[in-house]
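Protein chains in written order, with my numbering: chain P, 1 to 293; chain C, 1 to 293.
The reader is advised that the hints may include incorrect statements.
Here chain C is said to cover these stretches of chain P; the calculated rule only asks that three of the stretch's residues, wherever they fall, bring their Cβ under 8 Å from a Cβ of chain C [as the list claims (entries may be wrong)]:
| # | region |
| --- | --- |
| 1 | 88-94 |
| 2 | 201-208 |
| 3 | 224-237 |
| 4 | 248-257 |
| 5 | 263-275 |
Only part of the chain C face toward chain P is listed, based on derived beta-carbon distances under 7 Å [said to hold, decoys possible]:
| # | residue |
| --- | --- |
| 6 | 37 |
| 7 | 230 |
| 8 | 232 |
Keep in mind that the hints were calculated from the coordinates and are not lab data. Glycine included, C-beta positions come from ideal geometry on N, C-alpha and C.
Number of protein chains: 2
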Amino acid sequence: MLIRRLAVIGVGLIGGSLARALRNAGEVGEIIGCGRNRDNLERGVELGVIDGFNQDIGAAVSGADAVFLGIPLGAMGAAFRALRGCIAEDTLITDGGSAKGSVVADCRSAFGFLPPGFVPGHPIAGTERSGVEASFAELYQKRRVILTPTEATSDEALDKVERMWRACGAEVTRMSIEHHDEVLAATSHLPHMLAYSLVDALAQMKENDEIFRYAAGGFRDFTRIASSNPVMWRDICVANRAALGAAMDVYIAAMKDLAETIRQGDGERLLEVFSRAKAARDRYIDGALDSPE
Amino acid sequence: MLIRRLAVIGVGLIGGSLARALRNAGEVGEIIGCGRNRDNLERGVELGVIDGFNQDIGAAVSGADAVFLGIPLGAMGAAFRALRGCIAEDTLITDGGSAKGSVVADCRSAFGFLPPGFVPGHPIAGTERSGVEASFAELYQKRRVILTPTEATSDEALDKVERMWRACGAEVTRMSIEHHDEVLAATSHLPHMLAYSLVDALAQMKENDEIFRYAAGGFRDFTRIASSNPVMWRDICVANRAALGAAMDVYIAAMKDLAETIRQGDGERLLEVFSRAKAARDRYIDGALDSPE
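Just need the whole structure built from these sequences, with the hints factored in.
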């Protein structure tokens, strides 16, 4: 058994699914939940996702050999501060945050140093639902999990977190913190910004009722991600603002260039851009890389 | 019977589906096809979509009381020039082009005036497939068709085209040419530009293999429209460049503003934008307006 006693801080879709998967795999002994919403924690016990809970983080992690932070990025700083002094030196700490630089900075500033047991992680998985009710053991099957060890992370801790995610069926890769944040800014955070700002721009147009009524073709697909949790995305934007800001600048420059090409009616160049994009999309998305969410 | 003899120029998804739907409704006598691809026309006859064909437009429209142009926007000018002198003064002419200003300009410049029988139209329907094989009689069921009569369009012609689309199961509305082009620029053309330029930007990044591998969440949905036909979209961009250029400017300004808000880490303002967008998206898209493509 990998983990004797696991503390899950934030028993939602991400934390709850990890608990279920580890339990199914027989890789965890006892699971203690912690979170702000007591009803959710009680439901977690009823569902057998957690064995018990304590709303005080210090008490919840007492005696745990591993702590998982499945909470919004904006709550990480306070959680790390609450952990301080309540865990053993070699306790494993890992998380599921969508940006990694900010989580590492929050950890360092809470502890005054980076604990060797801290392994920042990011499972690339999720649904539009949230809460322990939405969690399921198969969420991580064949999904990618990116681990971004700090300079202080011990080999032992890294290895254990890797095995933990593999036990859940995930494919684990390692990346530097900076590189993770750049890749995710481009492939996830930027598309969300495009969808949010498109819908918001249309909603603010004068005849927006009519505009949405005539929303054509792939508009529904295109804007689905604008229905994501606004609080979570606020946190992601603030946490990853440097990399996301840079990705947005690149994108804005590309859009300006495209607008100019359109205004000039340069059909040859437009055909080139659209054909290249279609080829890339068809190759990467519908082809070999069809599995990950 | 609404139409005795219909000439369909361009027997693809749009023209073929119109032919099938009118035939099913018993509102058309004979259907003559015309197009560049002889195999496609022969297949159209085999499938019973058209009764016969002639690759010469002048011959195909001879004796027709209605002509439908189901061809790319870039081919409209040449088609109107070929029609000139081959149709009666009161022959109905309508089309399925996604931009209307350019089609009207092409018609005016080919004829030297706007024929009273000309009713510019735009069925908001389509799939990712093309050619007569992809056509089906139900394509227009409960879809919106926008008609944009010119100042010369006769009431009789407008009424007949309206009845033609209703016979196909569509909901018909009227709009000015300029307004149509603005609404479609915002709701269809702009989203396609965002998707194309996002995929193209990512494809040109240094480690693009890795970037696509980690493409997260709604990325597949979000970029599906970047797999659309590049030639068709080149034509749409060139045809609607004024309205689309203006919509892109508005969008680029909104993106710049959002990038600045992110860089400042202004969480309160981000939450406001994302919440407003989510509310608009949920209200308009998943609610009452769920039927149209």
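Consistency of the hints with the structure:
Proximity of the region 88-94 of chain P to chain C, defined as three or more residues with a beta carbon under 8 Å from a beta carbon of that chain, is not established by the 0 residues found. Using a Cβ-Cβ cut-off of 8 Å, 6 residues of the region 201-208 of chain P lie near chain C, which meets the minimum of three, so the contact claim holds. Interface restraint, the region 224-237 of chain P with chain C: holds (11 residues with C-beta to C-beta distance below 8 Å; minimum three). With 8 residues having a Cβ less than 8 Å from any Cβ of chain C, the region 248-257 of chain P passes the three-residue criterion, so the hint holds.
Here's how the region 263-275 of chain P fares: 8 of its residues keep a CB closer than 8 Å to some CB of chain C, so the rule of at least three is met and the hint holds. This hint is violated: residue 37(C) has a C-beta 20 Å from the nearest C-beta of chain P, more than the 7 Å allowed. The beta carbon of residue 230(C) is positioned within 7 Å of a beta carbon in chain P (closest approach about 4 Å), and the interface hint is therefore held. With 7 Å as the threshold, the beta carbon of residue 232(C) stays out of range of chain P, its nearest partner Cβ sitting at about 9 Å, so the hint is violated.
Of the numbered hints stated above, those contradicted by the structure are hints 1, 6, 8, listed in ascending order.
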